[in-house]
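Novice: Residue-level listing of the chains:
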Amino acid sequence: MKNTLPHLFRGLTAAVVLAVTALGARASVTMQLDRSDIGADESAELTISASGNGSSSIRPPSVPGLQFTPVSQSSQIEIINGNASSTSSVIYEVTAQNPGTYTIPSPDPAAAKLTLRVRSGSGAGSSSQAAVASGVPSTPATSVSPALPAPAVSGANSGTPVMAANGAAFLRIQMPKRDLYVGENVPVEIQVGLRSGMAATLNGLPSLSADAFTLNKLTTKPEQTQELINGEPYTILTWHSMLAAVKPGEFTLSVQTPVTVQVRTKGRMPGNMGDMFNDPFFQGFFGGVTQKELSLSNEPSVVKVLPLPTSGQPANFSGAVGNFTATSEVSPLKGAVGDPLTLRLKISGAGAFDRVDSSMLSSVDGWKTYRASGKFVPADSVGYRGEKDFEQAVVPQRPGHQTVPSLSFSFFNPETQKYEVLETPPIAIEIEPGSGTVTSTAAPAQSTPVATPAPATNGLRPDMTETGVAISTLRPLYFQPGFLIGQSALALSFIGAGAWLRRNNRQFNDPAWQKGRQELQAVNSFLAQMDSAATQQDAATFFFAARQALQHTLASKWKMSPGAITLAEIDSRLNGANENIRQIFALADELAYSGGAAIDADFSAWKQTVHQLIKETKTV
Amino acid sequence: MNPSQRFNLPFFILLGLIAFSTLVLGASLAGLHVGSGGPAYSAPVLFNQANADAQAGKTGAAILNYERARLLAPADPDITTNLNWVREHAGLSTTPATWLDRATSWASPNTMALLGWMGLVLIGACILAAQSLPRFRTCFRLAACAGIILLALALLNATVTWQKCREAVVVAKETSALISPVTKAETSFKLRSGEMVAVTGHYNDFALVQNSAGHTGWVVQSDITSLIPQ
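Going line by line, the protein sequences match chains A and B.
The first sequence begins at 1 in my numbering and counts up one residue at a time.
The second sequence begins at 1001 in my numbering and counts up one residue at a time.
One or more hints might be untrue.
Said to hold, decoys possible - Here are the simulated BS3-like pairs of lysine-lysine, each with C-alpha atoms no more than 25 Å apart in a straight line: (1) A:K221 <-> B:K1058; (2) A:K418 <-> A:K334; (3) B:K1164 <-> B:K1058; (4) B:K1173 <-> B:K1058; (5) A:K607 <-> A:K557; (6) B:K1164 <-> A:K221.
Don't read these hints as lab results, they were simulated from the structure.
Bound-form chain A, shown alone (with noise of 0.2 Å):
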């Protein structure tokens, strides 16, 4: 009873399908592989169709070291003016016993052999689960192109398909080369290939996983065309893009786009019910599809973007790279005097046009001149081919034989690693004189002033090919504790050096304070002689200065002069409260009147008391 179900169904189908072929008279039988190389351990799938009147029950094929099973079969019937035709289908799984080619006889004679080749191992090749693609149109594999090689992986590119969801789909980046400077464009391919006859839906455009670089003018709809990988047919999707580089340094390129797969998965039910779900046939009716979401990424490559060369950059250089030529011209050849000219100057060539620039003449003698209006006309989807025209109003002043000077325009070419400057020649024209003034002559219509640089097409101003000093960080020095302290204490030292001079100097001018310091100094005068006569055990010498030093002090204390200090004022003011200083004092006397006869004198203590007295009576 439990493979009752699954065999009534079968049987019914292949019932009908019988019946209804029994009623044609000639078939014609198609035979088609999903892929034509598998691994070892992989499987293929084998689609053999019948159609026709009468078309015979189909059988596989029977080849050694390959083994087919059934795993889902359809069929349709049509009736058409009584006469009745049938299409009936079966896919059969694939799988080889070992590695090896093997050719796969069709049912039908005159139809072609198919080849499956088994590479030993497990390859990036496929699986018979995943399945690409109708979120984007497909092309069935019957109408697939001629095999193209396998996408191109030059030197110069980064083009490397990395498949994502079993090989059903990639995405490369293909670019000319890989040492870019900055500023300059160059142009690319994103190309994302989705394998046919699988369902895949793109949901966002490609995007850089990198700041370094920028994807500019990327086209909105890619272009759609087939390509054979491997033996596989794949849906490619193109877009078209102009690569530039922001900054210079070696950086990773990586391009990515998200997609959402959807893939045929072969999932079990629980019990008895699953068992008959589970079979092959109802896998098929049913579907048993999962959406995928995925993102897909080529494989990252290492880009070099060298910075602008310094030396022998043009003074006019507006920061163009690329390759271009410059051709100038003058309409009409002859005028009058006020009457305005059309000067042009066309630059067609590849490259950065947002930053192709001419402020064209500026003034020249003997012509006035008006501002120059740019247009630029591309040449591809993308903007790096084209020519940018820019148009003058000239008008000449004077009459006879007169020349349009040259028109420069200077460029940084990435080829020759050289800046280049295009000179055009001079324009010789014939004026004749005028009727009216000069200064009335009004200023014709398309002299429109352009701003410089001029803004791109799409309003925004170009890049700015100069990169610029970098810093570390964008918090400002004022808020950076280091610089904020040292400032601070900077100032702070400025206020008190400020102060302290300022204090010096008001001293420095006050009377009083330079009379004080006058008697300071004469008291350490005295105080150092003092010290030397008690070395030189002079004793006459030593009690003068002495007392000489006691004068200058008590003279400073009491606001008097200092020969006014006698023993008699001593007296009447320390009350007799000193006795020491008056005893200096009469020493001194005493020496001077006897004419310095030796005393003996412990000079050391006398020394000690003497400056004693003196702090004492500093303190007081």
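With chain A held as given, fit chain B onto it using these hints.
Specialist: Same frame as chain A, now just chain B:
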């Protein structure tokens, strides 16, 4: 103290202070040097990045990078033009620059900080020199006035820049400002990508912001990016 002593002392003090200040400045400038693997900011690179963001439709990131580029090169007309263009196309209002902005934004904050340093040194040098050489006091006073002007400009610029330290740009496509810092809180108002807000507080993963209309609310921190990274 004789006149030669009076001249020498402040002279050496002055030299010492200027040497000290120069050392501090040098150390601060060395801190701005870009280390290997660390972040690197330059006005042209930020401008180019903003252009790419604008072309990719990332309004918030574009405005953030333009604002950062303008912080480093406030006088660059290209940056201002593109910033205004992106704002207008995003339907965001462009606030006209105040007199304070115009007066102090002709140079980058770092340049203004250097000018402020020069002003400070000039003031200090003139004060000390005027004490020593009274004959040239008038000249020193004039030079000190120039220093005061430089210092005042730097301080004004620092005031304006200080406000920018609190500013952030909404980088999410749209975010809700909530009445409290919890996910299920009621929405107070909506903020669009590229809007500038002032961050006045933080709580867990939320930031308290104030928009140009003066309304305040809590937004998820990942929806905004500070103009000046902390």
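Novice: Which hints from the list above does the structure break, by number from lowest to highest?
Specialist: Checked against the structure, the hints that fail are numbers 2 and 6, while the rest are satisfied.
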